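Asks: This is what each chain is made of:
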Amino acid sequence: ELKVEQNPLFLSMQEGKNYTIYCNYSTTSDRLYWYRQDPGKSLESLFVLLSNGAVKQEGRLMASLDTKARLSTLHITAAVHDLSATYFCAVDLAGSYQLTFGKGTKLSVIP
Amino acid sequence: EAQVTQNPRYLITVTGKKLTVTCSQNMNHEYMSWYRQDPGLGLRQIYYSMNVEVTDKGDVPEGYKVSRKEKRNFPLILESPSPNQTSLYFCASSWGDLLNEQFFGPGTRLTVL
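These protein sequences, in sequence, are chains A and Y. Residue numbers for the first sequence follow my numbering, so the first one is 1 and each next one is one higher. Residue numbers for the second sequence follow my numbering, so the first one is 1 and each next one is one higher.
Just chain Y, with the same shape it has in the complex (with noise of 0.2 Å):
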């Protein structure tokens, strides 16, 4: 089944502590993209990808790092956590570049305590 996967689903952790947020997907999708999403403020891209190896910032980039080292995983690092950071996450991929329609993740609901 064609899928993006993110794990964890629901995460609970204190300010400062180092998490990964994993993102996979199995559709050898090219472009890859991260967003937050906070009541009253709607979707934010906070990185993409267009391929290995090449990341650029979205509209909310900082606290937070990227890498994609292979075609299928984009995992998201928020070195140093913040309350600020706490927010749900999605990840997307899509065939090409953005002219094809996304497929997104279940999302990622992050608590910083």
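Isolated chain A (complex conformation) (with noise of 0.2 Å):
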């Protein structure tokens, strides 16, 4: 059975700080996704990471995946309020199409 682990679930930071979201797997695989949904919203996509040492940045927001450590990672840099929401990571075992969570990190950037 595939095990999603996100570390960690909460997490409050300052304006301008710097952070990182744990996603650690359990089963081998090269598929990570990354999620983002807004209180009362629904979820969108942030990152697709389909190879070990792949690394893919939007804004303030930089992912990486390794596969040999079964981990990926979500940078956050110079932290602004609009970050402020609920991130998940997913994985995939290839092949399967099943998609499993982890439970989510919900950030709160305080001013």
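Calculated from the structure, these hints are not laboratory results. None of the values given here were measured: they were computed from a predicted structure. Some hints here could point you the wrong way.
Pairs of lysine-lysine residues, derived as DSS-like cross-links and limited to a Cα-Cα distance of at most 30 Å, are as follows [to be verified]:
hint, chain 1, residue 1, chain 2, residue 2
1, Y, Lys57, A, Lys3
2, Y, Lys57, A, Lys68
3, Y, Lys65, A, Lys103
Each pair of labels, with its calculated beta carbon distance range [claimed, not checked]:
hint, chain 1, residue 1, chain 2, residue 2, range
4, A, His81, Y, Gly63, 38 to 46 Å
5, Y, Thr111, A, His81, 29 to 37 Å
6, A, Ser108, Y, Glu101, 23 to 31 Å
7, A, Gln14, Y, Val54, 43 to 51 Å
8, Y, Asn28, A, Gln57, 24 to 32 Å
9, A, Ser12, Y, Glu79, 22 to 30 Å
10, A, Val55, Y, Asn84, 36 to 44 Å
11, Y, Pro8, A, Ser108, 30 to 38 Å
12, A, Gln57, Y, Asn84, 37 to 45 Å
13, Y, Glu53, A, Thr27, 37 to 45 Å
14, Y, Val54, A, Lys41, 25 to 33 Å
15, A, Asn52, Y, Leu41, 45 to 53 Å
16, Y, Glu30, A, Met13, 32 to 40 Å
17, Y, Pro8, A, Lys106, 44 to 52 Å
To spell it out: a stretch of chain A is covered by chain Y in this simulated footprint if at least three of its residues, at any positions, have a beta carbon under 8 Å from a beta carbon of chain Y; those stretches are [claimed, not checked]:
hint, segment
18, 42-56
19, 100-109
For each residue, glycine too, the CB sits at the ideal point set by N, CA and C.
Hey, can you piece these two chains together into the complex? The hints should help.
Replies: Right under this line is the structure:
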């Protein structure tokens, strides 16, 4: 059974600071996804990481994937209030098309 | 406008009364999927479909049925709803398979009394 764990589950940070959200998974996979959910809203796709060493960046967010360590990170640079949301990582076993999510990290950026 | 629509957005029903939540996308996507979101449990996949007439179970398929008779539609059917199916449901679609970004519907909040 594939397990996906995110750390931390809750994160409160000040504007301008940097921080990293971690996503560990239990079974070999080279396909990992990050999503964002604003309070009371639906989800939107942020990043699709498809191979070991993949790095994607958009604005103040950068995601990376280390398949050997079964670890993905979502790094936040110089946080701003607009980044306050819940961030989910998800993994699918290669070829399965079945997606398993982490429990999410609720990020609050304080002015 | 490219979008995934779900109906209804809110539904309160009673145990055992069959219901269907519709999902439709206008992007000609092959892959469609249903998820439920519960506090403390995050998102869990119910069913997914790779294309017309091709469906498969996710992590929590018990008590649900789906069909994919047309590419654009992927309804979720609860034949005999129970209170433990009270949840927030999301439909999503993507081009090809999961290797591309998923587009999510607005969600359906279901309460089963």
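Asks: Between Val54/Y and Lys41/A, does the beta-carbon spacing fit 25 to 33 Å?
Replies: holds (30 Å)
Asks: Closer than 8 Å Cβ to Cβ for three or more residues is the test here. Does the segment 100-109 of chain A pass it with chain Y?
Replies: holds (count 5)
Asks: Taking 37 to 45 Å as the stated bounds, is the beta-carbon spacing between Glu53/Y and Thr27/A within them?
Replies: At roughly 29 Å between Cβ atoms, Thr27/A and Glu53/Y fall outside 37 to 45 Å, so the hint is violated.
Asks: Against the range 30 to 38 Å, how does the distance between the Cβ atoms of Pro8/Y and Ser108/A compare: consistent or not?
Replies: holds (31 Å)
Asks: For Lys57/Y and Lys68/A, compute the direct alpha-carbon distance and say whether it is at most 30 Å.
Replies: Distance of about 28 Å is within 30 Å: holds.
Asks: Can you tell me whether the CB distance of Ser12/A to Glu79/Y sits inside 22 to 30 Å?
Replies: At 43 Å between Cβs, range violated.
Asks: Is Lys65/Y close enough to Lys103/A, meaning Cα to Cα at most 30 Å?
Replies: holds (25 Å)
Asks: So the hint says 29 to 37 Å: do the beta-carbon atoms of Thr111/Y and His81/A match that?
Replies: The hint (29 to 37 Å, Cβ to Cβ) holds, given that Thr111/Y and His81/A are roughly 32 Å apart.
Asks: State, for the Cβ atoms of Glu30/Y and Met13/A, whether the hinted interval 32 to 40 Å holds or is violated.
Replies: holds (39 Å)
Asks: Please check whether Val55/A and Asn84/Y have a Cβ separation lying inside 36 to 44 Å.
Replies: For Val55/A and Asn84/Y the Cβ distance comes to about 41 Å; the hint holds.
Asks: Verify the CB-CB distance for Asn52/A and Leu41/Y against the hinted window 45 to 53 Å.
Replies: violated (29 Å)
Asks: Checking C-beta pairs, does the segment 42-56 of chain A have three or more residues closer than 8 Å to chain Y?
Replies: Answer holds; 6 residues pass the 8 Å Cβ test.
Violated hints for the displayed structure, listed by number in ascending order: 9, 13, 15 and 17.
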